[in-house]
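Protein chains: 2
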Amino acid sequence: VITELAGTGRTVRISADLPVVIIGERINPTGRKRLAAALAAGDLSLLRSDAVQQVQAGAQILDINVGVPGTDERALLAAAVKEVQAAVDLPLCIDTANAAALDAALAVYQGKALVNSVTAEDAALDRVLPIVKRYGAAVIGLAHDERGISTSPEQRLAAARKIVARAAALDISPEDVVIDPLALTVGADSAAGLVTLSTIQLVRQTLGNNITLGASNASFGLPDRPTLNATFLAMAVAVGVTCPITNPLDAVARKALLAADLFLGHDAYGGNWIRFYRAAMRGLQS
Amino acid sequence: VITELAGTGRTVRISADLPVVIIGERINPTGRKRLAAALAAGDLSLLRSDAVQQVQAGAQILDINVGVPGTDERALLAAAVKEVQAAVDLPLCIDTANAAALDAALAVYQGKALVNSVTAEDAALDRVLPIVKRYGAAVIGLAHDERGISTSPEQRLAAARKIVARAAALDISPEDVVIDPLALTVGADSAAGLVTLSTIQLVRQTLGNNITLGASNASFGLPDRPTLNATFLAMAVAVGVTCPITNPLDAVARKALLAADLFLGHDAYGGNWIRFYRAAMRGLQS
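Heads up: the protein sequence lines correspond to chains Z and S, in order. Okay, so the first sequence: first residue is 7 according to the numbering used here, each after it adds one. Okay, so the second sequence: first residue is 7 according to the numbering used here, each after it adds one.
Since the hints were derived computationally from the structure, they do not count as laboratory data. Yeah, the Cβ is synthetic: ideal placement off N, Cα and C, and Gly gets one too. Do not take every clue at face value.
Restraint ranges, calculated between C-beta atoms of paired labels, are given here [said to hold, decoys possible]:
| id | chain 1 | residue 1 | chain 2 | residue 2 | range |
| --- | --- | --- | --- | --- | --- |
| 1 | Z | Pro229 | S | Gln62 | 19 to 25 Å |
| 2 | S | Ala63 | Z | Leu50 | 56 to 62 Å |
| 3 | Z | Ala174 | S | Arg288 | 36 to 42 Å |
| 4 | S | Gln211 | Z | Arg281 | 32 to 38 Å |
| 5 | Z | Glu10 | S | Thr191 | 30 to 36 Å |
| 6 | S | Asp78 | Z | Arg288 | 34 to 40 Å |
| 7 | Z | Glu10 | S | Arg40 | 43 to 49 Å |
| 8 | Z | Ser179 | S | Ala175 | 49 to 55 Å |
| 9 | S | Gln211 | Z | Ala257 | 32 to 38 Å |
| 10 | Z | Ala175 | S | Thr212 | 23 to 29 Å |
| 11 | Z | Leu290 | S | Pro136 | 41 to 47 Å |
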């Protein structure tokens with residue numbers, strides 16, 4: 007299974023046989039007061055530097071979320087997409103819960119986007135999938151349905167399967183459905199990590215879709231989150247995640263993903279690993 | 007499957023449903039000139055401090071290798087076992103290619119030891135398994151046979167299966183056979199890591215034995231080996247390794263294994279993770 011996405015100048019392929027693709031998560035006002043304030047004031051200049059920084063750090067897709075209360079997300083998201091596409095040429099992941107904003111953003115988007123996201127709830131599928139189809143985009147399917155986020159990997163698999171089936175009914179191919187198995191914090195439920203990892207294995211083995219993951223939720227509330235996030239990312243990639251959503255500026259996570267690529271046979275002779283190491287050494291010396 | 011080992015005062019259980027068990031690798035003269043010189047001179051005093059340090063750092067089993075050219079390994083290994091068992095109460099892993107030394111060491115060992123190791127070669131099986139059986143020990147089976155170390159996970163699985171079957175024929179139960187899938191360096195063969203990870207998955211899914219791994223071979227010759235080793239350990243544990251052989255004094259590896267335990271549901275509410283973090287913080291402040 008190969009998911010192909012495109013920006014203005016670059017096509018990115020996601021597959022278990024290729025190196026991990028990082029979806030850069032930084033363009034999101036949640037927890038970033040300065041970005042939230044800028045967006046609320048209609049100032050999009052931060053988006054450009056955020057975009058360029060993430061691409062330089064190794065992101066191959068950028069998530070774009072501009073959800074700030076009190077703003078017109080429909081206008082803001084489309085403007086943000088234009089702004090970021092003027093700065094970087096790789097594919098974007100349009101992140102919104104607002105169908106009108108999604109539609110407006112895809113209308114101005116150049117290339118083939120990834121839509122973040124749809125759940126397995128009937129209302130969400132009915133609302134989002136036709137828009138995905140209309141614009142020929144790909145979509146992230148969150149592995150939960152009307153019953154909420156299950157603690158059973160089999161039920162999460164069932165939700166993923168439902169999304170893939172409903173997409174297929176609209177002629178959206180499995181290549182264009184990327185599954186998010188969902189990660190909850192292990193600080194609240196000790197089994198949460200294992201449920202996520204087991205879901206990844208089930209999706210990989212039975213559906214075969216590409217798999218994303220917002221791994222950092224898992225470490226919420228615990229000390230030394232960078233190490234926890236990096237370890238969870240490596241474990242998740244070992245069992246089947248192919249395009250995690252993460253912060254490429256986090257060097258600990260970045261190194262774990264490069265190392266994971268190396269051990270999965272996706273970095274011939276450690277070329278990428280050695281290049282990253284040398285660049286880091288130069289950074290320390292300068 | 008639960009492997010139970012015992013030292014003079016402590017029983018250790020290894021299982022996929024329990025936290026990872028670290029086999030401390032430090033008591034081995036390979037690459038440790040000072041230890042090699044001490045052993046060659048018949049001085050065993052370093053073993054005690056090496057043993058205590060590793061236990062304090064979280065090892066639950068200690069590997070004991072005293073192979074130094076020009077020494078009488080038979081006498082030295084037995085003396086080393088006595089020396090270490092006088093210092094720490096947990097199980098030991100008797101590491102030798104010399105059957106007479108193994109026999110002598112097990113004869114003085116108190117408890118139930120782990121023997122490191124036997125291959126799937128007929129001559130090795132004939133030589134080692136009867137000794138393992140005689141002393142009621144458990145044994146590590148290296149996943150290679152007369153044909154050498156295969157690049158095919160299926161052939162490594164076949165070697166593991168042969169060891170389990172030959173052990174069973176001597177009434178050594180599968181619980182008492184721990185499989186080592188073998189790790190070669192990815193610097194020489196880019197597929198080496200994937201072969202190891204795939205072998206782990208096959209052994210876990212088809213045989214179900216406990217699985218050990220000397221993960222650090224994989225990073226040989228590459229920069230930033232601690233990060234590579236830690237990442238490979240986390241990935242290996244994610245797919246089925248239950249008792250890696252590693253250096254517990256390596257804080258990067260130690261943290262990755264604690265994080266892996268957390269994400270596999272083996273650390274309720276992150277208790278061990280938080281304790282380790284606090285201890286590390288106290289260490290930095292003192």
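Each hint, compared with the structure:
no.: 1; hint: Pro229/Z <-> Gln62/S: 19 to 25 Å; in the structure: holds, 21 Å
no.: 2; hint: Ala63/S <-> Leu50/Z: 56 to 62 Å; in the structure: violated, 51 Å
no.: 3; hint: Ala174/Z <-> Arg288/S: 36 to 42 Å; in the structure: violated, 56 Å
no.: 4; hint: Gln211/S <-> Arg281/Z: 32 to 38 Å; in the structure: holds, 36 Å
no.: 5; hint: Glu10/Z <-> Thr191/S: 30 to 36 Å; in the structure: holds, 34 Å
no.: 6; hint: Asp78/S <-> Arg288/Z: 34 to 40 Å; in the structure: violated, 52 Å
no.: 7; hint: Glu10/Z <-> Arg40/S: 43 to 49 Å; in the structure: violated, 56 Å
no.: 8; hint: Ser179/Z <-> Ala175/S: 49 to 55 Å; in the structure: holds, 52 Å
no.: 9; hint: Gln211/S <-> Ala257/Z: 32 to 38 Å; in the structure: holds, 35 Å
no.: 10; hint: Ala175/Z <-> Thr212/S: 23 to 29 Å; in the structure: violated, 37 Å
no.: 11; hint: Leu290/Z <-> Pro136/S: 41 to 47 Å; in the structure: violated, 56 Å
The structure fails to meet hints 2, 3, 6, 7, 10, 11 from the earlier list, while all remaining hints are met.
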